[in-house]
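Student: Chain by chain, the residues run as shown.
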Amino acid sequence: MCQEVIDDPHSYYRGLREAEPVHWNERWGGWVLTGYDDVVTVLRDREHFSSDRMGFLARELPAEKQADYKPIFDVLSQWMVFRDPPDHTRLRILLNKFFTPKAVEAFRPRVRGIVNDLLDDLAPKGRMDVVRDFAYLTPLTVILELLGAPSLDRDLIKEWSEQIGVFFFIRADMPERRAIACEGVKSMCEYLQPLVEERRRKPQDDLLSVLVQAEKEGGLSEQEVISTAVLLVFGGHETTMNLIANGALALIQHPEAWTQLNHHPDLVPSAVEELLRYDGSVKATVRWAREDVDLGGTTIKGGDRLLVALSAANRDPAQFANPDTLDITRSPNPHVAFAHGIHVCLGAPLARMEGQEAFAALTRRITNPRVAAEELHYFPTVVSRALKELPVEFDT
Amino acid sequence: MSEAKTQGRLALACVDLDKCVGSTLCVQIAADVFRLAGNGQSEAVCAGSCESVVNAAEACPNMAITVTDSQTGETLFP
Ligand code: HEM
Ligand code: SF4
Chain A
1 MCQEVIDDPH SYYRGLREAE PVHWNERWGG WVLTGYDDVV TVLRDREHFS SDRMGFLARE
61 LPAEKQADYK PIFDVLSQWM VFRDPPDHTR LRILLNKFFT PKAVEAFRPR VRGIVNDLLD
121 DLAPKGRMDV VRDFAYLTPL TVILELLGAP SLDRDLIKEW SEQIGVFFFI RADMPERRAI
181 ACEGVKSMCE YLQPLVEERR RKPQDDLLSV LVQAEKEGGL SEQEVISTAV LLVFGGHETT
241 MNLIANGALA LIQHPEAWTQ LNHHPDLVPS AVEELLRYDG SVKATVRWAR EDVDLGGTTI
301 KGGDRLLVAL SAANRDPAQF ANPDTLDITR SPNPHVAFAH GIHVCLGAPL ARMEGQEAFA
361 ALTRRITNPR VAAEELHYFP TVVSRALKEL PVEFDT
Chain B
1 MSEAKTQGRL ALACVDLDKC VGSTLCVQIA ADVFRLAGNG QSEAVCAGSC ESVVNAAEAC
61 PNMAITVTDS QTGETLFP
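Listed in order, the protein sequences are those of chains A and B.
Following the working numbering, the numbering of the first sequence begins with 1 at its first residue and continues without gaps.
Following the working numbering, the numbering of the second sequence begins with 1 at its first residue and continues without gaps.
Read the hints as simulated data drawn from the structure, not as lab findings.
Treat the hints with care, as some may be off.
Pair by pair, the computed Cβ-Cβ distance ranges are [unchecked claim]:
1. A:292 with B:78: 37 to 47 Å
2. B:78 with A:11: 34 to 44 Å
3. B:74 with A:116: 31 to 41 Å
4. B:71 with A:304: 48 to 58 Å
5. B:18 with A:304: 13 to 23 Å
In this text the structure is predicted, and so the values were computed from the model without any measurement.
We treat Cβ as the ideally placed atom computed from N, Cα and C, and that holds for glycine.
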C-alpha cells in the first residue's frame, strides 16, 4: 500500500468507485466495495456475509502456523465483532443496555469535566499535540471508569492497544504484526485478569462485574469474560481518539466551521455526524461470503473476502450531495462510519457523546488554531484512519 | 414514564427509516412488534406492551424508534 493512499484514501476510493465499485484487488486477494448501496447491502445481509474473521483465518493458515497465533485466536475469536449469530446476539444483548443513547447521557457531565480539565492545562500553553495531549485521554479514561478499572496505567494500555491494532487494523508495513499483536493481547489480558478475579470475589457496580455475573449465570465462558474486557478497552478508545483528532484537523482546515461551532454550540451534534462521515476513524471493515452471491451484477464466490470501504460509501455522490464538502449542518446524514447491520458499533452513542463534548469544548476554548507541522502523517493501516500526531498552535 | 400508569396498556412504535441502521436489536427485544423488512431495516407491525416496546426503543443505537401510548397518544419515548 503506497503512502499516497494512506495520506489521501478519499481520492483513491473516488477513483475506484468511479471505475469499478465492486473491484477485485489481486494483491489483497479480495473484493473492494466503494459504493454506498453495495456497502449497506453487504453490512445488512448477515445471511450471505460472515464476520467470522478468525474462523476464516484459521482455514487459510497451515496447521503448523496456527500455534503462533494462539494468543490472538484465544482472545480475538471471542470478540463479538468477529462472531456471527447466535453467539454474536448473546454477547451483544448482554452489553447493549449499558451503551444506549439514554444510558450514556449519565456520563456526559463526567466527560465534560475530563475534557475541560485537560483544556485548563493546555489552553494557556498556546500549543498542543491533539493526539497525545488531548484526544486519547478522554475516551480511555471513560472506558476504564465504566469497566471499573480507573487506576490502570493509561500509557501501558495505549501501548498494548497499538500492538493489537497492528493486527486488527492490518498494518501493512509490519510483516511481524502477528508477533507484535500476540504480545499486546497477552499483556493486556494479564493486566486485566486480577481485576476480573477481584470481581468474582466481590462484585461492584461496573461492567467487569456485569461480565462476571453473566459468567456465573452460564451466559458467558471464562474466556469470553476476559476477551470482552479487552475488546471494550481496545474498541473503546482508539477509534474515538481518531475521531477527535481527525475531526479537529477537519475543523482547523475549515476555520469558518470552527467559529460557527463556537457561536452555535447547538450545531455540535450534527457537526459530529458530519466529521464521522467526512473523515471517520474506521475506513473499512471486512466480511466473508458464505456462498456465491450476486452484488451489483458481479458474482462473489463463496469464501471470498470483501473489504467494505466505509469511508468510500460516506463520500458516494449518489447518496450525499457535494460529498467532498464539509457541511456541519448536513441533514439527514445516513453515514456508515459506525457500520450498519447487526455489528453496528456498540459504543456509537458513547463515541458520539464524547465527540460532542470534545468539539464543543475545543471550539469554545481554543481560538485561531493552526497546524504546526509541514506535513502530517498517518499510520499505514488498511482499516483505521489514524494520525501519528497533530501539532497545533493557537492564540492564548 | 411511570410503569404503574402504563401497565397493561398498548404502545405503538414508529421506525424512522432515515435513522434505522438494521441492527436488529428491536426485533430481538420485542419480536412480537418489530420485524425486519426485505431491505434489512426494521418495521413495526403491530402494537405491543408499553414496557417491551419502550425497552426496544431504548436499545436502538440511533434513536430511530418513537413510541406513543395507543390510547392517549402520549409520547413514551424518547
Ligand atoms: C468514533 C468512534 C468509533 C468508531 C468510528 C467505531 C466504529 C465501529 C465500527 C465500524 C464497527 C463495526 C465493525 C464491523 O461491522 O465489522 C464497530 C463495532 C464495535 N465497536 Fe465501535 N467505533 C467507535 C467507538 C467505539 C467505542 C467508544 C466503543 C466502546 C464500547 C466501541 C465498541 C465497539 C464494539 C464492542 C463493536 C462490536 C459490535 C458488534 O459486533 O456487535 N466502539 N465500531
Ligand atoms: S434497533 Fe433501531 S437501528 Fe436497530 S433495527 Fe431497530 S430501529 Fe433499526
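Student: If a hint holds in the structure, say so; if it does not, say that too.
Tutor: Here's how the hints hold up against the structure:
1. Distance hint check for residue 292 of chain A and residue 78 of chain B: the Cβ-Cβ separation is about 43 Å, which falls inside the suggested range of 37 to 47 Å.
2. At roughly 39 Å, the beta carbons of residue 78 of chain B and residue 11 of chain A sit within the given window of 34 to 44 Å.
3. Between residue 74 of chain B and residue 116 of chain A the CB atoms are about 38 Å apart, so this pair conforms to the stated range of 31 to 41 Å.
4. Against the hinted window of 48 to 58 Å, the Cβ-Cβ separation of residue 71 of chain B and residue 304 of chain A comes to about 52 Å, which satisfies the hint.
5. A hinted range of 13 to 23 Å is violated for the C-beta pair residue 18 of chain B and residue 304 of chain A, which are about 32 Å apart.
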